[in-house]
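Chains as they are written, first to last, in our numbering: chain G, 131 to 378; chain L, 5 to 347.
Rather than coming from a laboratory, the hints here were simulated on the basis of the structure. You may find that some hints are simply not true.
With a cut-off of at most 20 Å between alpha-carbon atoms, the simulated SDA-like pairs for lysine to any residue come out as follows [unchecked claim]:
| hint | chain 1 | residue 1 | chain 2 | residue 2 |
| --- | --- | --- | --- | --- |
| 1 | G | Lys-274 | L | Lys-179 |
| 2 | G | Lys-251 | L | Thr-213 |
| 3 | G | Lys-254 | L | Ile-215 |
| 4 | G | Lys-180 | L | Phe-288 |
| 5 | G | Lys-240 | L | Phe-288 |
| 6 | G | Lys-251 | L | Arg-340 |
| 7 | G | Lys-252 | L | Lys-179 |
| 8 | G | Lys-274 | L | Thr-59 |
| 9 | G | Lys-265 | G | Phe-194 |
| 10 | G | Lys-252 | L | Arg-340 |
| 11 | G | Lys-376 | G | Lys-315 |
| 12 | G | Lys-265 | G | Lys-315 |
| 13 | G | Lys-241 | L | Gly-227 |
| 14 | G | Lys-161 | G | Gly-314 |
| 15 | G | Lys-251 | L | Ile-215 |
| 16 | G | Lys-241 | G | Leu-261 |
| 17 | G | Lys-199 | G | Tyr-217 |
| 18 | G | Lys-274 | L | His-212 |
| 19 | G | Lys-254 | L | His-212 |
| 20 | G | Lys-324 | G | Lys-251 |
| 21 | G | Lys-180 | L | Gly-227 |
| 22 | G | Lys-240 | L | Gln-342 |
| 23 | G | Lys-311 | L | Gly-233 |
| 24 | L | Lys-179 | L | Thr-59 |
| 25 | G | Lys-297 | G | Lys-362 |
| 26 | G | Lys-251 | L | Val-208 |
| 27 | G | Lys-269 | L | Leu-114 |
| 28 | G | Lys-180 | G | Gly-224 |
| 29 | G | Lys-324 | L | Arg-340 |
| 30 | G | Lys-274 | L | Gln-342 |
| 31 | G | Lys-251 | L | Arg-214 |
Every value quoted in this text rests on a predicted model; they were computed, and no experiment measured them.
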Amino acid sequence: MSQDTVLEAKAVSKYFGTITALDNVNLQLSKGEVLGVVGDNGAGKSTLMKVLSGLYKPSEGSLFFDKEKVVLNSPRDSQNLGLEMVYQDLALAGNLPIGDNIFLGREPTKKIGPFNFLDHKKRKQLTEEHLSKLKINVKSADQKVEELSGGQRQAVAIARATAFNAKIVLMDEPTAALAVKEVGKVLDLILNLKKLGVSVIVISHRMDDIFSVCDRVMALFQGTNFAESELKNTSRDEVIGWIMGKKD
Amino acid sequence: MDHGEKRLMDKNQETLFVRLIPFFERYGILLLILIMIAVLHLLQPDVFLSWRNVTNIFKQVSWQSMLALGVFMVIVTAGIDLSVGSIIMLSLMGLAISSKAGMPWYVVMLVAPAIGFMCGMFNGIGITLLRMPHPFIMTLGTLYIFRGIGNLISGGVPITGFAEQIRVIGNGKIKLDVFFGEGAREYIPTSLILMIVIFFIFWVFLNHTRIGKWIYAIGGNPGAARAAGINVDRILIVVYTLCGFLAGIGGLILAGRTNSAYPNAGLQSELDAIAAVIIGGASFFGGRGTVLGVFAGVMIMGILRNGLNLMNVSVFWQQVLIGSIIILAVYIDVLRRQLATRT
């Protein structure tokens, strides 16, 4: 195990009734590492992500954050440990401005008398700082999310996930719904997160994504660890083979 | 900075018309009110802008505006409350019965808002806990239930005559002798002051508190609100409860204005409330609309009714006109949205 492991799953299994979704799966993630998780539909990628984020409890096995064993009862618990999930369906409110979306549920407030009011100025300032840190370009932090392109929305979703010093970000198909010219921007954003020391797990079907941002790739097949490799030691054809359950 | 340059370029490419859209979006409705006032003033120069007539309009809209404000919050969450007309009647009846029972006036005054509060909470709990497929169904049910209960407790007959202290809310006058000299006829209705205060409080609530922001978020994307850790069900119960509470206040105002609780009180006023909210620019699909817009929507309905009455236009034509305005207002909104997405 590497020195700076931030997240580890050991021998995790997940059963739904008689169905085995995950069988004895191991996963390890280092600081500032981008790990690609590939696999066919039903290979267990999404189930594994849901176990890591605390949405599902593993039937067997255990999770370690910063080498400490933890039990997650809800996504709140994993958030508190610095893990954020970027949902495939983006989970943004289109009618609200960018800043409101980034801070939704965690709005900065100020006290006036006995009441807490929204601190619009602070939210705007924090939003602009955070967007510029991630090098996300938008017209204004007050722009409504529904006016943004798919790629910009994905960027806002990622900005939302990382606004509170997340150490680990899970992304489920971050480029699936994007126009070709926008994919690059999102991939750049992932590399930016890496530079900032954030660890990222990317689930993707697209070999282009995997091979342009990941340090390491791991394949699941029918709920088990099938193969794993540093990116530099493998090839597209080999990884595609893994997805289909073929190994030389 | 290429960021700044890009922004500048976008600005130049926008036509004047497109740049005016946000202005109209925000103030267009106030412009419409000004036009209506101007036209009615030209048609009825002696009456329309007289102190008496203007205060009359405000007294009329004050109780209706309470319903509209409550229904507005519900519509922002992409819900609907059809029961507010029945809540106003039930709270009015409760007030009348407790008044007849000889309770002190300060207790009687609390009865109407308290009943409204409970009715609203009942709606909210039903919608969230019973997992109704749509608030339409729950509040359609309570539309019948609340009015039925109102008639059951009153025996289906009007109850008239309330203490002066109770009537102050709906019928009180703040004399303006200071400005117009001793014994002047000019006054400001208490209900207008109450309306302004309540609208201000709810404007602050919706725009400057976290719960207010969450109400808009739920209307925009309930899934996003849930993912952000917001307890959507709890917020919905708060919204329906406040809606009922406002209808109860409406009942209190109506009690003062009519000095009577009657079986048909508030009949179909839920539809007027919805109409005012829609004319005021709120989206029926949730997440969109402003408190100022609701106020404007209420005023448009009030001014229109008043003006048409002054000109002796039949009630039937009034119905046709108000219906047309609802459709026109929404159609303008549709056009505006098309233009906005095209740019």
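Taking 20 Å as the top limit, are the C-alpha atoms of Lys-199(G) and Tyr-217(G) close enough?
-> 25 Å, violated
Quickly compare the C-alpha distance for Lys-251(G) and Arg-214(L) to 20 Å and report which way the hint goes.
-> Holds, at about 14 Å.
Given pair status - Gln-342(L), Lys-240(G), alpha carbons within 20 Å | Given pair Lys-240(G), Gln-342(L) is violated - Cα atoms ~38 Å apart, limit 20 Å.
Within 20 Å, alpha carbon to alpha carbon, are Lys-251(G) and Thr-213(L)?
-> 14 Å, holds
Keeping to a limit of 20 Å between CA atoms, is the pair of Lys-265(G) and Phe-194(G) held or broken?
-> 31 Å, violated
Straight-line alpha-carbon gap Lys-376(G) to Lys-315(G), limit 20 Å = Violated, at about 32 Å.
Compare the distance between the alpha carbons of Lys-274(G) and His-212(L) with 20 Å, and conclude whether the hinted pair is satisfied.
-> Roughly 18 Å separates the two Cα atoms, so the pair holds.
Do the alpha carbons of Lys-274(G) and Lys-179(L) lie within 20 Å of each other, as the hint requires?
-> Status violated; Cα separation ~47 Å.
Between Lys-274(G) and Gln-342(L), is the straight-line Cα distance small enough, at 20 Å or below?
-> 16 Å, holds
Pair hint Lys-269(G) and Leu-114(L), alpha-carbon separation not exceeding 20 Å | 50 Å, violated
Hey, Lys-252(G) versus Lys-179(L), does the alpha-carbon distance stay inside 20 Å?
-> Answer violated: Lys-252(G) to Lys-179(L) is near 44 Å, above 20 Å.
Quickly compare the C-alpha distance for Lys-324(G) and Lys-251(G) to 20 Å and report which way the hint goes.
-> Not OK: Lys-324(G) and Lys-251(G) at ~29 Å, beyond 20 Å, violated.
Comparing the model with each numbered hint stated earlier shows that hints 1, 4, 5, 6, 7, 8, 9, 10, 11, 13, 14, 16, 17, 20, 22, 23, 25, 27, 28 and 29 do not hold.
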